[in-house]
Amino acid sequence: MEEWLGWLELGPGDHLADLGTGPGLTSLMAANRVQPHGRVYAVDHWPEALDFLRRQAAAAGVDNIDLIQADLGHDDLSGVVPAGRVRKAMLTHVLHHVPAPQSVLQRVHAWLGPGARMVVAEFDPGGPGRVGPPPEERIREAELAQWLSDAGFHIVRRKTYPEQEQYALLVERR
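In my numbering, the protein residues as written are 1 to 174.
Derived by calculation from the structure, the hints in this document are not laboratory data.
Among the hints, erroneous ones may be present.
[What the hints assert, rightly or not] Pairwise CB distance ranges (calculated):
1) V156 - V131: 21 to 27 Å
2) V80 - I155: 23 to 29 Å
3) S78 - E136: 22 to 28 Å
4) G13 - R140: 35 to 41 Å
By construction, the Cβ of each residue, glycine as well, lies at the ideal position given by its N, Cα and C atoms.
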């Protein structure tokens, strides 16, 4: 994840949306990078995940994370996260969980401003299935790349991680 935050050139004063934050490891790492004046918007539909992140942030003395309960599969982000301030986003290991991943990408594209960058990561269905979801629930990289292109994103960088059975794409909103 540190590598992916580096791809975004995340630094002091930036605002990052961590879409589908889960337990919030990415949000915590990003919050340290964007201090003192930056913010992280940690979005998840599970209140338990956000409560866990709230406790972790408090224990670490981190106070620049806004916790936002929203369902990426249904909710319009423009009503809950200030898109004009967010120029960087993470959408990692989320799309295989939602019933209509293409519509999520279309909504994220509409919400982010032109030139905004996002890291999208998923598990590789060609992996043996030792980590992550079962192979039949995973999204092929070529398929995800096509969905991103169809939604209006340009792929800037891609990398595979065979030992973790995953891949990541850095995209820019056109």
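For each hint, the structure was consulted:
no. : hint                    : in the structure
1   : V156 - V131: 21 to 27 Å : holds (26 Å)
2   : V80 - I155: 23 to 29 Å  : holds (27 Å)
3   : S78 - E136: 22 to 28 Å  : violated (34 Å)
4   : G13 - R140: 35 to 41 Å  : holds (37 Å)
When each numbered hint is compared with the structure, a violation occurs for hint 3 only.
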